[in-house]
Every structure is written in C-alpha cells, then in structure tokens.
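Heads up: the sequence lines are chains V and G, in that order. Under our numbering, think of the first position of the first sequence as 1, with each following residue one higher. Under our numbering, think of the first position of the second sequence as 291, with each following residue one higher.
Treat the hints with caution; some may be incorrect.
Cross-link-like lysine-lysine pairs, in silico, DSSO-like; alpha carbons within 30 Å at most [what the hints assert, rightly or not]:
(1) G/308 to V/257
(2) V/17 to V/257
(3) G/334 to G/403
(4) G/311 to G/403
(5) V/162 to G/334
(6) V/261 to V/17
(7) V/261 to V/15
(8) G/344 to G/403
(9) G/341 to G/411
(10) V/162 to G/341
(11) G/411 to V/162
(12) V/263 to V/15
(13) G/341 to G/403
(14) V/263 to V/17
(15) G/311 to V/257
FRET-style restraints, in silico, Cβ to Cβ [unchecked claim]:
(16) V/242 to G/364: 35 to 43 Å
(17) V/175 to G/333: 23 to 31 Å
(18) V/276 to G/421: 54 to 62 Å
(19) V/200 to G/319: 42 to 50 Å
(20) G/323 to V/200: 42 to 50 Å
(21) G/319 to V/90: 30 to 38 Å
(22) G/432 to V/249: 27 to 35 Å
Read the hints as simulated data drawn from the structure, not as lab findings. Yeah, the Cβ is synthetic: ideal placement off N, Cα and C, and Gly gets one too.
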Amino acid sequence: MTTPPVFDRPTFSLKEKFIGIRWGGGALVSLYISVISGVIVALQYNPAEPFYSTTVIELIAPYGSFWRSMHYYSSQAFLLLLICHLVAVVWENTHYYSRSTWVRLTMSLPVAILLLFTGYVLRDDATGEAAGLIAENIMLSVPFIGEWMNSLLLSITDNGVKRVYVNHIAGLMVAGGYCVWPHLRRYTTRWRSHVGLTCALLLLSVFLTAPIEPQHFGITHIAGPWFFLGLQEALRYVHPFWAGIVLPGIVVAALLKLPHKGKARLIYLVCIGLWLVFYGVLSAISFMRI
Amino acid sequence: MVPRIPQQVPDRRRFLAKLLKWMTTVTLAGLAFPLLRFTGFTVKPQPRYIKVNKDLAVGGSHTDHDFILFLLEDGPVAVSRRCTHLGCRVNYRQESDIIECPCHQSRFTPEGKVVAGPAQKDLSTYPVRVLLDENGMTSGYEVTV
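Assemble the whole structure, with the sequences as input and the hints as a guide.
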C-alpha cells in the first residue's frame, strides 16, 4: 500500500522572490505620496528665502514637520524602490524593450536622482547649500556646454535657488513624466496593493523628523546626501568633470547600452557591478569621515 | 486580375513623414539658441556695503555670511568664504589659526593663501574701508562684497 502524495509547498528561489515583489508599484505609490506632500509643502515654501521658509515649515507651521517628513521619506522610498524595480527588471530579463524604449525608461533613474538632489538643495541648510554649490561647479567644469547646462538647471550663484525650484517642481517632473508615461499607461497599480508601504510612510512621517542642518559658523564637516557621498569623496582626488560627470556617466551609459542577451550583456553587467562596488567603497570612506 | 498597388502613395507619405520629422528637429534646434540666450542672461548684482560695527584687536576676526574679516599686522583683510575648489562656505578655526572648507577640508591661511588642497587657488579678498569715529578712533569696518 502506497501513501497518498503529500501536498508540496512550492519553493521559490531568491531570484523569484525578489522579482515577485511589486517594486514598480511601490515606487509609483511612493511617488504619488511624494508629489501630493510636495504640493502641500510648496504652499508654504518660499524660494526667495529658502532656509527661513524651510525652518518655518519645520518649526512653526502647524503640522509642517509632518508634511515635510512625508515628502522627504516618500521621495527616499521612491528612489530606493525605483532602483529595486530596475534591478528586478534587469535580473528577470524577459522584457525585450526596443533600444529607444529602454533608453527612455532608464533615463527616469538619473531624473529621479536629480529630483531628490534638487530637493536637498532647496532646503538650503548647510548640507543643501554646499551640495548646490558643488553641483554648480561640477556643471561649470563641463567643456563648452557647462555654462548652458548650469544656467538651465542650477545657476545658484546668480539666482539663488529660483531655478532649482522651477526644475524641482516642473522641469524635472515633466522630464520624468516623459520617460515613464508609456510605461505607466501600460502598467498601473492600486493603493490597496501597497497598504503596508503607505502605512509605513505615514508612521515614519509622524515619528521621524526629516533632516535639517542649520548654518552655523565653525562647522567643520559637511556630508552630502547618501547617494552623493561617493561622488563627494571622488571630488577630493580628481577634477570635478571626471568625478562629477564622467564617473556617474559611466554607469548610466552602461545601463542605457545594456544588451538584451549574450556575452556582451554579461560584460556590461560585470562592469556595472564593479562600478557599484567602487562607488560603494568611496561612499564608505566618505561616510567614515563624518 | 490582381489590382495594381500604387507604390507612389506610401513613398510620398514616407517622404512627408520624414520631412516633418526633420523639420521638427530643425525647429527644436533653432529654438535651443534663443532658449539658452534667455536662460544665460544675468544682471550683474550691485555691490553690497556691509558694515562690521566693532573694533577688532590685532589678530582678531569676525565671520560674516560672505566673508571673514581679519585684523592682521598689515591692516584689515576680508577673505571670501567661498572655497576655490567647489564653492563651499569655508570657516575659520581659531584654535589652529586656519581657514578650512567643511566639504573637502582644503585649508587656507587668514590671508587666504592655500595651505592644503584639493583647492588650488587662493581665496579671493574684498576691499575693506576702516570706519573712524569723531575722535579718529576705529569704530568699525565696511566691506564691499
């Protein structure tokens, strides 16, 4: 007599588990929360007095700290989840996008990083001001078109944070929208699929204050945003153009050119991996200086 | 009888579509110039006269938003707080008599000379005028930024 077959629980590999998570939907929900809270924060923000108005929002305006935290943490979640989404798509490698579609989609990552970065600059505290001025000098280091790029995106020395603000709330949002619009028309998400994430962001906003570092004389060390640390370290050793444009440009170019299959794809992936290790080491060194 | 497929129509359409594409590209390229001219336009700011209403002892300093004012043996010197490496706002460290950048730790003397990189150039200085009271004593300084 044979024993009846026992129901086997399906087992999933790490890859299947990772790819199975709705990273893209989570990123989209985080972006929705970030945009909504950003519009609310903007109602009190004044680009003519950036640090003063940020401080008013944080300390004086009723629930200002809550809305600012929500904008900050949802934006952070958006970037992290977007990176995970990209990793999952590259790992899964079943979507054979045309090159132009892939380039358009992948450009959303540098646009998202610029969106977060301009957010840091807009608070105009010690970190924000320094990060903005460093970025301006990096732009100006680009041969031939540096001044044009700077006048379009930053121009902090001549115009304060005015242009950074315009790009944060409009220019980069339009650029990001252009990158992902066909993708979002095809793939939608539902709030009810991300209740945990939404609740986590709400709780974070209630209990954790978004960082702000007041300007004070005698400050001896300023660390940029976490994704900027490796770049900040590289700027110690090489010219701003190489550290600020070529170094991040390598990984973006590799992502945009990533082949669909074959040995070439593996070579590109190894290059991206090595770049990430190198950037991680630079970031760790910079972090240890804090 | 198989009807003849008119070859010319798709060709003409293709040509017009290509023409439209090129015209759009040329128009956008043409708009780039006025755009960059417009965004690149800046009005040179008026000089600002900032008063420091205190008399410094020799070796003393005063830190303002845009400059650090020192009274050296040779007279007052106002050194820009903008680091020549990447523009961060430098600070004076009194205990070591050194100006230091918080971003990459470039170091400068109170006269603004580079001591340690990554900065390569000295800090710029601003003109300083000594303000005198009715008895001819120093009452403060006026820095032109």
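Structure-based check of all given hints:
{"no.": "1", "hint": "G/308 to V/257", "result": "holds, 26 Å"}
{"no.": "2", "hint": "V/17 to V/257", "result": "holds, 27 Å"}
{"no.": "3", "hint": "G/334 to G/403", "result": "holds, 27 Å"}
{"no.": "4", "hint": "G/311 to G/403", "result": "violated, 56 Å"}
{"no.": "5", "hint": "V/162 to G/334", "result": "holds, 16 Å"}
{"no.": "6", "hint": "V/261 to V/17", "result": "holds, 22 Å"}
{"no.": "7", "hint": "V/261 to V/15", "result": "holds, 18 Å"}
{"no.": "8", "hint": "G/344 to G/403", "result": "holds, 25 Å"}
{"no.": "9", "hint": "G/341 to G/411", "result": "holds, 27 Å"}
{"no.": "10", "hint": "V/162 to G/341", "result": "holds, 28 Å"}
{"no.": "11", "hint": "G/411 to V/162", "result": "holds, 29 Å"}
{"no.": "12", "hint": "V/263 to V/15", "result": "holds, 20 Å"}
{"no.": "13", "hint": "G/341 to G/403", "result": "holds, 24 Å"}
{"no.": "14", "hint": "V/263 to V/17", "result": "holds, 26 Å"}
{"no.": "15", "hint": "G/311 to V/257", "result": "holds, 24 Å"}
{"no.": "16", "hint": "V/242 to G/364: 35 to 43 Å", "result": "holds, 39 Å"}
{"no.": "17", "hint": "V/175 to G/333: 23 to 31 Å", "result": "holds, 28 Å"}
{"no.": "18", "hint": "V/276 to G/421: 54 to 62 Å", "result": "holds, 57 Å"}
{"no.": "19", "hint": "V/200 to G/319: 42 to 50 Å", "result": "holds, 47 Å"}
{"no.": "20", "hint": "G/323 to V/200: 42 to 50 Å", "result": "holds, 48 Å"}
{"no.": "21", "hint": "G/319 to V/90: 30 to 38 Å", "result": "holds, 34 Å"}
{"no.": "22", "hint": "G/432 to V/249: 27 to 35 Å", "result": "violated, 46 Å"}
Of the numbered hints stated above, those contradicted by the structure are hints 4, 22, listed in ascending order.
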